[in-house]
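Peer 1: Sequence:
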Amino acid sequence: MDTDMDLESLLPTESAVLDSSVVAEALFGLEEAATDEPECTITVEFYIHHVQCELEASFSKFKPLCPLGSLAPGGRRSWYLLCLKALQRHASNKSSFSLDSASRYLSTENLLGVEATDVVYDRLARHFVFALIGASTYLFRPIFAESMDLPVYRIQDLYPKTSHRYASVLANKIMVTDTRRPVSTLLKGFGELGPTMDPMHRTSSTQIIRLYPETFNAHLIISVLKVNIKWTDILCAHLDYDDRTNTLFLFKFPAFCLLNSILHTPQGTKTLWQSCTKTHRDDGDLIPRDLMSEIILSIFLLFGQHARSRHIFHPKDAFPGLAQPLHDPLLKDLCKGLWPLKDSLPEPKSVYYLPNDFPMLSAKLDYLYNRLSQAEPTTLRQLWRDTRNTNQWYTFWAVIFYGTLGLVLAVVQTGLGAAQVYLAGAAGSGSGQDNSTNF
Numbered sequence: 001m002d003t004d005m006d007l008e009s010l011l012p013t014e015s016a017v018l019d020s021s022v023v024a025e026a027l028f029g030l031e032e033a034a035t036d037e038p039e040c041t042i043t044v045e046f047y048i049h050h051v052q053c054e055l056e057a058s059f060s061k062f063k064p065l066c067p068l069g070s071l072a073p074g075g076r077r078s079w080y081l082l083c084l085k086a087l088q089r090h091a092s093n094k095s096s097f098s099l100d101s102a103s104r105y106l107s108t109e110n111l112l113g114v115e116a117t118d119v120v121y122d123r124l125a126r127h128f129v130f131a132l133i134g135a136s137t138y139l140f141r142p143i144f145a146e147s148m149d150l151p152v153y154r155i156q157d158l159y160p161k162t163s164h165r166y167a168s169v170l171a172n173k174i175m176v177t178d179t180r181r182p183v184s185t186l187l188k189g190f191g192e193l194g195p196t197m198d199p200m201h202r203t204s205s206t207q208i209i210r211l212y213p214e215t216f217n218a219h220l221i222i223s224v225l226k227v228n229i230k231w232t233d234i235l236c237a238h239l240d241y242d243d244r245t246n247t248l249f250l251f252k253f254p255a256f257c258l259l260n261s262i263l264h265t266p267q268g269t270k271t272l273w274q275s276c277t278k279t280h281r282d283d284g285d286l287i288p289r290d291l292m293s294e295i296i297l298s299i300f301l302l303f304g305q306h307a308r309s310r311h312i313f314h315p316k317d318a319f320p321g322l323a324q325p326l327h328d329p330l331l332k333d334l335c336k337g338l339w340p341l342k343d344s345l346p347e348p349k350s351v352y353y354l355p356n357d358f359p360m361l362s363a364k365l366d367y368l369y370n371r372l373s374q375a376e377p378t379t380l381r382q383l384w385r386d387t388r389n390t391n392q393w394y395t396f397w398a399v400i401f402y403g404t405l406g407l408v409l410a411v412v413q414t415g416l417g418a419a420q421v422y423l424a425g426a427a428g429s430g431s432g433q434d435n436s437t438n439f
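Following the working numbering, the numbering of the sequence shown begins with 1 at its first residue and continues without gaps.
Since the hints were derived computationally from the structure, they do not count as laboratory data. From the three backbone atoms N, C-alpha and C, an ideal C-beta is built for every residue, glycine too. Check the hints yourself; a few may be wrong.
[To be verified] Simulated crosslink set (DSSO-like; lysine-lysine; CA at most 30 Å straight-line):
1) Lys342 - Lys161
2) Lys332 - Lys349
3) Lys226 - Lys332
4) Lys226 - Lys336
5) Lys332 - Lys270
6) Lys173 - Lys226
7) Lys85 - Lys226
[Unchecked claim] Label pairs and their in silico Cβ distance ranges:
8) Gln374 - Gln413: 41 to 49 Å
9) Arg89 - Lys349: 33 to 41 Å
10) Leu158 - Tyr212: 43 to 51 Å
11) Asn93 - Asp178: 34 to 42 Å
12) Gly189 - Leu158: 14 to 22 Å
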């Protein structure tokens with residue numbers, strides 16, 4: 001079989017590759033890259049760019065699999081998307097899929113440059129599927145050894161250029177002896193990369209926690225806790241807090257969350273992310289709020305519902321060096337206070353209750369809330385910005401104002417008294433000199 005020729009006929013043009021509506025329909029089941037809400041038009045150029053960059057970074061490892069390995073990067077980008085669309089078709093047509101079944105499907109679709117019969121190439125093809133999953137679901141970033149002869153799969157467990165270990169990653173490598181295991185089961189060997197919820201709704205406090213946007217927001221977290229915000233492309237790292245460096249990690253692709261949300265995915269559509277994650281509890285009941293909607297709402301809570309917090313966000317912080325079309329189109333709207341989903345649940349509130357409003361993110365939000373509530377301002381600048389207790393804030397600054405005013409008036413009064421005594425003494429001295437002269 002002339003595989004190169006078959007794939008050549010399948011390859012779309014470069015313009016078709018960059019057509020976000022085509023990708024949105026193929027991967028997310030949307031006829032147009034938009035939700036039902038006119039306020040929330042979602043394009044997926046950011047997603048195409050991310051997938052292509054992630055796979056291009058490891059292309060040298062998988063070059064033997066690419067029938068068009070000698071082509072320019074534009075041809076490779078087309079190949080990546082063709083493989084991803086094929087993987088989506090395969091995953092959506094099965095209750096579960098495995099690395100083994102997916103690699104064989106790509107081979108039968110003539111997307112791999114070698115027949116999947118050699119053991120070494122079989123293993124390489126499964127690693128390629130693993131890379132496709134990581135790049136397209138934001139669940140993990142794979143790490144590949146110099147040699148992939150062993151069935152060992154590795155993922156990144158540290159945030160780049162830091163010592164922060166992702167809280168949900170319990171192991172950074174696993175040995176896979178049976179590649180026919182469902183991917184959703186296999187990924188649990190790394191930890192809880194997908195949505196999880198404590199069935200007992202436990203938090204670090206025995207009481208219901210109330211979160212008010214006025215007292216729990218990015219402005220206060222940054223000014224009181226001196227927190228650095230790092231935007232990440234790893235889903236499970238959302239709301240991770242590193243105590244050593246005072247760093248809060250936030251997921252920067254809420255549009256991807258929207259496209260994969262149970263509330264907004266078209267009926268009967270199962271995305272690749274949903275195929276790779278377990279969206280049911282052990283008792284078989286659906287999770288009452290899906291993780292994706294909670295991520296969107298938590299970003300809006302931290303930035304969008306507080307005036308000062310809305311001025312903190314800058315797109316260049318989340319997408320340094322990227323042109324605006326490659327930014328997530330929803331992140332800026334959320335951080336600037338524009339809620340894109342009308343008449344939908346969950347929806348913004350004036351007060352949130354943990355864990356009811358955030359079943360899956362409640363533990364992380366509770367920890368952050370406790371850190372903020374226990375922190376005490378140490379400088380006048382922090383005292384001025386700390387508005388968590390408005391009565392206390394007004395009382396404190398009223399005491400400062402009137403105390404300072406009283407001190408100033410006392411100094412002025414003392415100065416006036418001293419001046420009066422001085423003038424009186426000077427006047428008396430002058431009068432004595434005049435009398436002695438007259439005598």
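Peer 1: Would you list, in rising numerical order, the hints stated earlier that this structure does not obey?
Peer 2: 1, 6, 7, 10 and 11
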